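Chains as they are written, first to last, in my numbering: chain F, 1 to 228; chain V, 1 to 167.
Hints should not be assumed to be uniformly reliable.
To be verified - List of simulated lysine-lysine pairs, BS3-like, C-alpha gap at most 27 Å:
hint, chain 1, residue 1, chain 2, residue 2
1, F, LYS127, F, LYS96
2, F, LYS127, F, LYS50
3, V, LYS79, F, LYS216
4, F, LYS54, F, LYS91
5, F, LYS91, F, LYS127
6, F, LYS28, F, LYS63
7, F, LYS216, F, LYS87
8, F, LYS28, V, LYS79
9, V, LYS79, F, LYS87
To be verified - Derived Cβ-Cβ restraints for the label pairs, each shown as a range:
hint, chain 1, residue 1, chain 2, residue 2, range
10, F, GLY126, V, LYS137, 51 to 57 Å
11, V, TYR127, F, ALA145, 18 to 24 Å
12, V, VAL159, F, ARG26, 39 to 45 Å
13, V, VAL159, F, HIS138, 41 to 47 Å
14, V, TYR127, F, ASN223, 44 to 50 Å
15, V, VAL159, F, PRO150, 45 to 51 Å
16, V, LEU80, F, ALA55, 40 to 46 Å
17, V, LYS112, F, LEU159, 54 to 60 Å
18, V, ILE32, F, ARG31, 37 to 43 Å
19, V, PRO162, F, ASP133, 53 to 59 Å
20, F, LEU222, V, LYS112, 27 to 33 Å
Keep in mind the hints are simulated off the structure, nothing from the lab. All figures in this text were calculated on a predicted structure; none of them were measured in a lab. By construction, the Cβ of each residue, glycine as well, lies at the ideal position given by its N, Cα and C atoms.
Next come the chains, spelled out residue by residue.
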Amino acid sequence: MNRYLPFALIALVAAVALGSGTAIYRSKDARIEADAAAAAELASQPTNGKPGAKAPHIRGAAKAAVTIEEFADFQCPPCGTLSGVLKNLEKAYEGKVRMVFRHYPLQNHVHAGPAALAAEAAGLQGKFWEMHDLLYQHRAAWAAAPSLRPFVDSYAQSLGLDLARFANDLEGEQTKARVAADRERADSLGVDRTPSVFINQRPIPFSSFDEAGLRKEIDALLNVQTPQ
Amino acid sequence: MSKRRNKGRPREHQSARTIVPEATGRSRAHTILYAIAMLLALVGLADATYLTASHLAGETAACIAAAGCSDVLGSSYAKLGGVPLAGLGALAYFGAFSAATLAAFGYARARKFLVGIVAVMFLTTLYLLYVMSFVLKAYCDYCLLSAALTFALAGIVIVTPPRKADR
Chain F
1 MNRYLPFALI
11 ALVAAVALGS
21 GTAIYRSKDA
31 RIEADAAAAA
41 ELASQPTNGK
51 PGAKAPHIRG
61 AAKAAVTIEE
71 FADFQCPPCG
81 TLSGVLKNLE
91 KAYEGKVRMV
101 FRHYPLQNHV
111 HAGPAALAAE
121 AAGLQGKFWE
131 MHDLLYQHRA
141 AWAAAPSLRP
151 FVDSYAQSLG
161 LDLARFANDL
171 EGEQTKARVA
181 ADRERADSLG
191 VDRTPSVFIN
201 QRPIPFSSFD
211 EAGLRKEIDA
221 LLNVQTPQ
Chain V
1 MSKRRNKGRP
11 REHQSARTIV
21 PEATGRSRAH
31 TILYAIAMLL
41 ALVGLADATY
51 LTASHLAGET
61 AACIAAAGCS
71 DVLGSSYAKL
81 GGVPLAGLGA
91 LAYFGAFSAA
101 TLAAFGYARA
111 RKFLVGIVAV
121 MFLTTLYLLY
131 VMSFVLKAYC
141 DYCLLSAALT
151 FALAGIVIVT
161 PPRKADR
């Protein structure tokens with residue numbers, strides 16, 4: 001009996017680990033789906049949430065059939081990953097999709113709030129997306145630094161912005177108001193994490209945040225078959 | 001009674017183990033140490049299984065307002081060629097558990113396997129601690145727990161000397 005005991009123990013542990021792992025996965029998956037469903041219900045209400053910042057940051061065709069609205073935090077690593085995915089999709093679906101960026105800086109990310117303001121300050125000089133790209137591109141460097149300011153100053157300089165105006169806008173009411181308006185919209189839609197994505201007002205589950213998952217959602221709206 | 005336990009220990013063991021082949025050379029100290037290693041590996045396996053399930057469910061694909069593990073587990077360092085590191089961790093802990101179990105039951109070669117796997121886990125943990133401290137500057141409780149378990153496992157392996165049969 002002793003001879004088989006160690007192997008029985010190992011097999012038992014393997015079975016328990018696999019079983020509980022699957023159970024945890026299922027319960028988490030169900031909760032994420034339930035969250036998405038709850039958010040969908042909120043979004044389906046006639047108001048469609050609060051409007052958010054006026055003249056939101058839009059990339060892509062103005063009259064596209066598909067609108068991808070993203071709530072993001074520049075310091076959140078998955079947001080950086082998603083921004084790359086969205087860029088690829090924008091190229092692949094040129095003229096068919098429109099990207100809307102909304103701020104949702106999380107409190108536990110010390111540089112996220114200032115980064116959102118920096119993007120808005122650049123936006124006041126017509127360089128929002130350029131600053132958006134630079135912030136994500138160099139996220140690892142500034143996220144770990146004690147202060148964000150020298151980084152955004154250098155990005156502003158490389159974008160050829162009026163630096164005095166940029167510095168002024170970083171502290172200005174206009175930039176703060178835009179970020180706060182996006183936050184209001186996020187709260188009204190039940191957003192509580194980043195990135196959160198809505199396609200034509202419908203919330204997308206987190207498990208679909210890769211290129212294949214989002215393509216499927218877009219293709220369904222465009223009524224085309226997703227190539228296997 | 002206590003005198004006998006203290007002084008006559010090696011002899012007592014030898015005589016008590018007459019039914020076990022000499023080559024396996026099991027002793028109570030070894031069995032206890034390997035049993036502790038089994039327990040540590042089990043806790044590690046539970047930790048890594050939980051993280052793998054969370055990862056696969058897509059939970060780490062987002063940052064949540066309450067500080068969580070997403071900064072660490074959502075980073076590019078949490079994957080190795082598309083495979084979640086937590087999954088590899090779960091496999092490593094399972095391997096360590098299996099080796100410790102077999103070693104506890106006196107399988108001589110299991111110790112070598114245990115030493116090898118714990119050494120790899122130890123080095124990986126050092127690297128991941130470096131990444132958390134200096135690259136991401138973010139920590140994750142589950143990852144720190146795993147680091148502590150791996151260090152404890154390494155400690156156990158170091159203080160458990162090879163038995164005659166293992167050499």
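Hint check results:
| no. | hint | verdict |
| --- | --- | --- |
| 1 | LYS127/F x LYS96/F | holds (23 Å) |
| 2 | LYS127/F x LYS50/F | holds (25 Å) |
| 3 | LYS79/V x LYS216/F | holds (24 Å) |
| 4 | LYS54/F x LYS91/F | holds (25 Å) |
| 5 | LYS91/F x LYS127/F | holds (20 Å) |
| 6 | LYS28/F x LYS63/F | violated (37 Å) |
| 7 | LYS216/F x LYS87/F | holds (16 Å) |
| 8 | LYS28/F x LYS79/V | holds (20 Å) |
| 9 | LYS79/V x LYS87/F | holds (22 Å) |
| 10 | GLY126/F x LYS137/V: 51 to 57 Å | violated (33 Å) |
| 11 | TYR127/V x ALA145/F: 18 to 24 Å | holds (22 Å) |
| 12 | VAL159/V x ARG26/F: 39 to 45 Å | holds (40 Å) |
| 13 | VAL159/V x HIS138/F: 41 to 47 Å | holds (46 Å) |
| 14 | TYR127/V x ASN223/F: 44 to 50 Å | holds (48 Å) |
| 15 | VAL159/V x PRO150/F: 45 to 51 Å | holds (49 Å) |
| 16 | LEU80/V x ALA55/F: 40 to 46 Å | holds (43 Å) |
| 17 | LYS112/V x LEU159/F: 54 to 60 Å | holds (59 Å) |
| 18 | ILE32/V x ARG31/F: 37 to 43 Å | holds (41 Å) |
| 19 | PRO162/V x ASP133/F: 53 to 59 Å | holds (57 Å) |
| 20 | LEU222/F x LYS112/V: 27 to 33 Å | violated (58 Å) |
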